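As you go down the protein sequences, you meet chains E and F in turn.
Numbering (our numbering) for the first sequence: 1 to 448.
Numbering (our numbering) for the second sequence: 1 to 448.
To be clear, the hints were calculated from the coordinates, so they are not data collected in a lab.
In this text, all values refer to a predicted model and were calculated from it rather than measured experimentally.
A portion of the hints provided could be inaccurate.
Because identical chains cannot be distinguished in the list, a pair is counted as satisfied if it fits within a single copy or across any two copies.
What the hints assert, rightly or not - Straight-line alpha carbon distances no greater than 20 Å define the calculated PhoX-like cross-link-like pairs of lysine-lysine that follow:
1) K55 - K45
2) K352 - K107
3) K126 - K303
4) K55 - K186
5) K157 - K186
6) K352 - K275
7) K352 - K39
8) K273 - K186
9) K163 - K222
10) K275 - K39
11) K186 - K163
12) K157 - K222
13) K107 - K163
14) K45 - K303
15) K273 - K154
There are 2 protein chains.
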Amino acid sequence: MNWEQIEERLNQLMAESRHGQLRGALMMLNPVDIAGYMKNLDREKLLLLFRILPKDVSADVFSYMDSDQREMLVESIADAEITALIDEMFVDDAVDFLEELPANAVKRVLHNTDPHTRAIINQFLKYPENSAGSLMTIEYCEVTPDMNVRDALKSIKETGVDKETVYTLYMLDAQRRLIGTVPLHKALVVPEDTALMKLMDPGIISVNTLDDQEVVADTVRKYHLLSIPVVDGEGRLVGIITSDDVMDVIEEENTEDFEKMSGLAPAEEPYFKSKLLTLAGNRLPWLMILMFTSIISGAIISKFETVLAVNILLSASIPMLMDTGGNCGQQASTLMIRGIALGEVRFSDFFKVLWTEFRVGLLVGLALSGVTFLRLLLLNQASLVMAAVISVSLYATVVIAKSIGCVLPLLAQRVKLDPALAASPLITTLVDAASLFIFFTIASRFIL
Amino acid sequence: MNWEQIEERLNQLMAESRHGQLRGALMMLNPVDIAGYMKNLDREKLLLLFRILPKDVSADVFSYMDSDQREMLVESIADAEITALIDEMFVDDAVDFLEELPANAVKRVLHNTDPHTRAIINQFLKYPENSAGSLMTIEYCEVTPDMNVRDALKSIKETGVDKETVYTLYMLDAQRRLIGTVPLHKALVVPEDTALMKLMDPGIISVNTLDDQEVVADTVRKYHLLSIPVVDGEGRLVGIITSDDVMDVIEEENTEDFEKMSGLAPAEEPYFKSKLLTLAGNRLPWLMILMFTSIISGAIISKFETVLAVNILLSASIPMLMDTGGNCGQQASTLMIRGIALGEVRFSDFFKVLWTEFRVGLLVGLALSGVTFLRLLLLNQASLVMAAVISVSLYATVVIAKSIGCVLPLLAQRVKLDPALAASPLITTLVDAASLFIFFTIASRFIL
């Protein structure tokens, strides 16, 4: 059965009010897909479906739903029901959900949860957005140095943490400081009376509650981890972050880089959920700034008015010079921004990078200006001087664009600015102005 | 101890030839960090360090090393040693490594491995690059419908698969077809005589051996999986892919999108490992194409030579029109490319997107051209007609750029082209030409 057939079948069961069968059919699906199916339902059906599901499944489905739909549900069901839902959810999902609610709704909802959950959630809500603390969950398995494998398995069974987070056991000392980790798979292949200390990996890779999510993602990816422990200022374990949440962070960070490179303010909501004014507002600031900086290029053109009047070929070459310069600069800056993001390029590589890009510029520029020289002579019947002036300007533009393009992201990172943010707009402005200035200087020297 | 202190300590132990202590110190580190430390060693020290490590650790370290260094090692050690290394490595890492070696070296190395490993590796080497088959590993745990939890735990202990891949048990029927999965954590919280069938999740989420790695990454991310089973054409389980490998795929795919959007051919090697000619070669094709398409804009300028001669303000406005149009188009196309990559935007949204972007263009354009109108009147003392011609052209450019920017990626995807690849260059060309054409048409109508 493909997805459309599944949807059709569910719609049919819903229409015929066969709730038992509907529940049976839904239980065959992954919570992600159930949430996907719910996307197109109206309020009434949504509520019906949601109540048909067993509590633990509905909590899971709820955490995968759109914020719009969650809101719709929350408006429709009683506070007691929401509270039950929150008690059933994993803490990190519950916190995510509560962060979306208006403040008075959060108060109302939390008022009814049990005091222990409420205390934990309140603590979580205090961590800054996008910090390790706001991402972590507290459903993990802790062990002590005196335990053996049998004890650990018993403790898993007793605490009943029914989640992937049991796959790493966290060894804590008496002060709850993290002293090492035991991968569960190691414990499963040895006799049950083996001391956990024998299996422990003492090399602790952890993050701090206040670390940015980017640090979390980079660390998890670098060390190929399934989960990473989060410790407080004194090295005490307070939670863990799992790799599935890290994947979402990676995509989020990438989206942010894409947006910044295109001069967009990072969006809070998915495209179709955003208001028109928000969409426009996210784009306007950089467009306005860049529009004003492009006036510099216009001013250079005005200043060399007399040169332009000599031959229309000069005016006609402006788009080619500006576009090619812009493209060259963007290529170099993209490679740097990506290299910095993946930890492959550092500020200490500054001169190595500049030397590389300079030579790449020489090579690429040679090809581009050679072709342009011939094109001008053969197709446009330009004079030798005219063809030379335009091609040499192009050559210089390419080399300068490559150099500016690679240097700016590195400088931005050095002064703690985001390379993706600072680089792109400035590069366009600088490259445009530089290329036009070179062009007119050469032209006025040899043509006038 | 921070990383520099650790490095210093290791260097010291190495210099003093305290091999026992060196081994002890290295065993405290993560294999990723050992590989990182090895990066700066010369051939002799590299070899020494590598031989000091226990076999299973060295195999792990080897899989995290740079390709350059692996090559250096392989050249220095005997075939028998390489073979021992391969026998110790997980199959997916061994295959990755062999894919980098020249063909005759692969033959020589495989000649010495045991026939079973050789058969498996040979089969793996046949899968196309970047397919699910080339990413998967065969170290997984299979179970049968008649087993209970105790049997499963015994089977894990017996096969001794000492890797994170035991955390999902794969239920196979007599034909080795995958019929469901049992998350290990579910098995750990129930009595040992519980039948596995009771714990089984029948909703199978899997990929085919020939599926592209992008499909693998999207599926794992969507369903928040730790690992995903890979099946052949008949639904038989042939391997699994773990989430840590998927994270690398996600970054790879993102890098590719970044590169394509900037008109770069996807790089095979990291920046500093690439030859100068390769770097230049990756950039030249699009630069050349875009340089030629920008001639269209030049031709439009030539055609309206007489208009330009009227007032230098017209020439001076060309950079602003071209830049702003380009930026508007890029903003819209980036949002679409990202939306398509994350599965948020589909071709069926075509008109919805176009309508949204059209209105965003109207709003943003109003602000930009309003400011420009005032700037021209107040700062540049332009005539009312002149200011109106330039601002209205800008307004039209913004709206058209937004529309072209959102439509092209969707069209590209529709005809099975990569949205990131097809969109950016074409958009620049079309927006430039359109904006200049509108500008001159309006100008010649009202100014001449």
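Structure-based check of all given hints:
Taking identical chains as interchangeable, the C-alpha atoms of K55 and K45 lie at most 20 Å apart only when both belong to the same chain, with a minimum of 17 Å there against 60 Å between chains. For a Cα distance limit of 20 Å, the shortest separation of K352 from K107 qualifies neither inside one copy, at 56 Å, nor across copies, at 38 Å. Proximity of K126 and K303 under a CA criterion of 20 Å is satisfied in neither setting, with 57 Å inside one chain copy and 64 Å between copies. In this homomeric assembly, K55 and K186 come within 20 Å of each other (Cα to Cα) only across copies, at 17 Å, whereas the closest approach inside a single copy is 34 Å.
In this homomeric assembly, K157 and K186 come within 20 Å of each other (Cα to Cα) both inside a single copy, at 18 Å, and across copies, at 10 Å. Within a single copy, K352 and K275 get their C-alpha atoms only as close as 45 Å, which misses the 20 Å cut-off; across copies the closest is 13 Å, which meets it. Proximity of K352 to K39 under the C-alpha cut-off of 20 Å is restricted to the inter-copy arrangement: shortest distance 17 Å between copies versus 52 Å within a copy. In this assembly of identical chains, K273 and K186 lie within 20 Å of each other by CA distance neither inside one copy nor across copies; the values are 46 Å within and 37 Å between.
For a Cα distance limit of 20 Å, the shortest separation of K163 from K222 across copies, 18 Å, qualifies, whereas the shortest one inside one copy, 24 Å, does not. For the identical chains of this complex, K275 and K39 are intra-copy neighbours only, at 19 Å inside a copy versus 50 Å across copies, given an alpha-carbon limit of 20 Å. Proximity of K186 to K163 under the C-alpha cut-off of 20 Å is found in both arrangements, the shortest distances being 18 Å within a copy and 8 Å between copies. Proximity of K157 to K222 under the C-alpha cut-off of 20 Å is found in neither arrangement, the shortest distances being 32 Å within a copy and 29 Å between copies.
When the C-alpha separation of K107 and K163 is checked against a cutoff of 20 Å, the pair qualifies neither within a copy, at 28 Å, nor between copies, at 44 Å. For the identical chains of this complex, K45 and K303 are neighbours neither inside a copy (68 Å) nor across copies (62 Å), given an alpha-carbon limit of 20 Å. Taking CA atoms no more than 20 Å apart as the test, K273 paired with K154 passes in neither setting, with 47 Å inside one copy and 50 Å between copies.
Of the numbered hints stated above, those contradicted by the structure are hints 2, 3, 8, 12, 13, 14, 15, listed in ascending order.
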